[in-house]
Amino acid sequence: MKDTSRIITSSQRGTVKEKEYLPEHILEAMTSSLEGKFTKKQIDNIKQKTLDGFGMSTV
Amino acid sequence: MKRLFVQGSSFCDIDCDYCFVRGRNDKARLSLDYLHDVYRIINNSETDVEIVWHMGEPLVLGFNFFKKVLEYIPVSEHIRHRIVTNGLLLNDDWLSFLADNCISLTISSDGPIEVHDRYRTSRKEAGTFEVVHKNLCRSIKKGVCDSVLCTITKESLSKAAQIYEYFSSVGVEYLGFNVERQLDSPEIQVLSLEKFDSLELFWKDLYEAWEKDSYSLFIREFYRTLSALNSDECPLQPDELKSNYNYSLSKNGDLYKYIPQIAGSDSLVSSPFFVGNVKNLNSFEETSELPVYSEMLNSQRLCSEKCDFYRFCGGAFVLEKLVENGMLNSTSTAACERQVIQLAKVVSRKHG
Numbered sequence: 001m002k003d004t005s006r007i008i009t010s011s012q013r014g015t016v017k018e019k020e021y022l023p024e025h026i027l028e029a030m031t032s033s034l035e036g037k038f039t040k041k042q043i044d045n046i047k048q049k050t051l052d053g054f055g056m057s058t059v
Numbered sequence: 001m002k003r004l005f006v007q008g009s010s011f012c013d014i015d016c017d018y019c020f021v022r023g024r025n026d027k028a029r030l031s032l033d034y035l036h037d038v039y040r041i042i043n044n045s046e047t048d049v050e051i052v053w054h055m056g057e058p059l060v061l062g063f064n065f066f067k068k069v070l071e072y073i074p075v076s077e078h079i080r081h082r083i084v085t086n087g088l089l090l091n092d093d094w095l096s097f098l099a100d101n102c103i104s105l106t107i108s109s110d111g112p113i114e115v116h117d118r119y120r121t122s123r124k125e126a127g128t129f130e131v132v133h134k135n136l137c138r139s140i141k142k143g144v145c146d147s148v149l150c151t152i153t154k155e156s157l158s159k160a161a162q163i164y165e166y167f168s169s170v171g172v173e174y175l176g177f178n179v180e181r182q183l184d185s186p187e188i189q190v191l192s193l194e195k196f197d198s199l200e201l202f203w204k205d206l207y208e209a210w211e212k213d214s215y216s217l218f219i220r221e222f223y224r225t226l227s228a229l230n231s232d233e234c235p236l237q238p239d240e241l242k243s244n245y246n247y248s249l250s251k252n253g254d255l256y257k258y259i260p261q262i263a264g265s266d267s268l269v270s271s272p273f274f275v276g277n278v279k280n281l282n283s284f285e286e287t288s289e290l291p292v293y294s295e296m297l298n299s300q301r302l303c304s305e306k307c308d309f310y311r312f313c314g315g316a317f318v319l320e321k322l323v324e325n326g327m328l329n330s331t332s333t334a335a336c337e338r339q340v341i342q343l344a345k346v347v348s349r350k351h352g
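Here the protein sequences come in this chain order: Y and W. The first sequence runs contiguously to residue 59 in full-length UniProt numbering. The second sequence runs contiguously to residue 352 in full-length UniProt numbering.
I should point out that these hints are in silico values taken from the structure, not numbers from a laboratory. This structure is a prediction, so every number in the text was calculated from the model and none was measured. Built from N, CA and C at the ideal position, the CB exists for glycine as well. Do not rely on the hints blindly, as some may be mistaken.
Derived contacts from chain W toward chain Y, CB cut-off under 7 Å, selection only [unchecked claim]:
1. L89
2. D92
3. Y215
4. S216
5. L226
For reference, chain W alone in the conformation it holds in the complex:
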């Protein structure tokens, strides 16, 4: 199994303050010619592939684009497509199209209106909650949306119980939380979370809301943390540290390896992860490990030796080490402190 993250366009029809994607006003799109090459590469490769349309709003590419996508790269036993969307354009036609073609859907929502509309706004700074809420409910009812991703911002910190209640009430089955974080360079985004903000109270309130509800949602962070807490060794094998697993394709046909968010970032950080243009590649396997991979594994080893919380993340957060610490040869980051360590402390206290 491999995952290929594809940036069909970096354009997005909304303008979330915390988004890390560059070029959100740029309407240039991936040339369909590249999809020929992607299909050739997939066919020459040895494992199944999940193609994740992400990093920009995929649905702005329109029906005709995705109809072509399915002609070039049809869904099969070995190939699946997933779209990660802000949910704004999900009308009945889209939902039928996605259902008919077995395309999985992940919707980004930050929860109830007072949290969601704080940062997930249009270019005119209007809230998007009402439309997203309506479309989220419809897509769950139709069985198309199988997961929701919620970004934790400063606005969320005191509202964990309300956020849980919201997602539970709309019928979400699988919920993941991302913590707002700096992923590329400071000037491209406004971060509401500051260095001293702790998520410990948020995780505690969220856990207690979940506990009160008899654990009836599948929450990604709690599943991971409880698995790690109750095992003798690290049960996690971060995708980004697996050999030949994660790839990402930017809209100019350039292929990157290991860290999906790298595609389209056009920065110095991305260059060590650059594989080549899909026009010049024949299979995923022909690309040998890049020099940066051994540094990544060394960094993982460092985490395993120095961090008491290693088993809760398996040495992930490679990009955060690069961005926050300026080097791979490091361990602690704000991202792992908030998303792993503070969470692990809360869950550990709950389970003695």
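Extracted from the complex, chain Y is given alone in its bound form:
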């Protein structure tokens, strides 16, 4: 059975929108690259950590 919990629709994207100011087509492409592996919640966490992660060499 297909695991639909990992599929993200366009309307669900962008919980960290207040900090996302990327051109839409770029944001869409970057987010899509993560969707095969991560859940929506995980992707939001990744984005937040990406914005705040200066100072150490991890995700």
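Since the structure of chain Y is provided, determine the placement of chain W on it from the hints.
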């Protein structure tokens, strides 16, 4: 949420020329007794914790060590483990163990063989690419590796497109770039990047390779830079400047705050960040802000007032200010020039 960087051992099975970690020949390891204390501290604290095994090669500690780690500090809704590895020891047993126990993996790779093998070598100066490449592909296929970190060296400067093509071809989803930099003292490492080397051409070539590929990799540096470029104010809140967020544990049980790379550096630079030994602590929150924290915030304010590129980094690079400039009360460093300013200029030109 907090992050605790743990140095299980400073030993590493390879000998990268640019590595900043001290004691890479020292096989002493973190006593498991300290993990009892770490778990007690985590349980007495108020937020979730991600434990990042780093600063030395964690996998040399072996299966039995990490099995014990998971007994002492089990993965839960509030506790996660991440291992940052050079990838050499990642056989099928390790991959199954990591997958079965939900341990996240970050692999260090500098890209194609001609770049990777220039600095990421064994103690006999043999290249490590072939093994790392094989293990990187296997770990991505198995869904264990969720991110790759690539260090930019002098060898990388003219090869951005090849580096992008390599990571894209092996199926990396999340890619971060670190710029080779001096983090402790000059005598412990060989830096290939010299003061006059610019990364602007590298960032431009990398961006164009990414653009040509329809932005299909999540590249940490471009996400940050584009977010900052298109916002009216700084959208970044550097972890190292957050109150009670970053901690690091050295193998002797000493706990440091704010700047993760400090653990195990055993230098004068590290002393203002020393919190205490985990044997004597009960929770993360009981540690009040250290005197150096107000200096760090003042330094951040200085950046916000004086640097046109403040919104692209939020006043980070605290350690670099200390090492390069000898004081926190300063702004520009070679690290921020290369990793932030030159990148911001390239991306700004691309987006008018």
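Exercise for the section: Taking the numbered hints from earlier one at a time, note which ones the structure violates and give those numbers from smallest to largest. Expected result: 1 and 2
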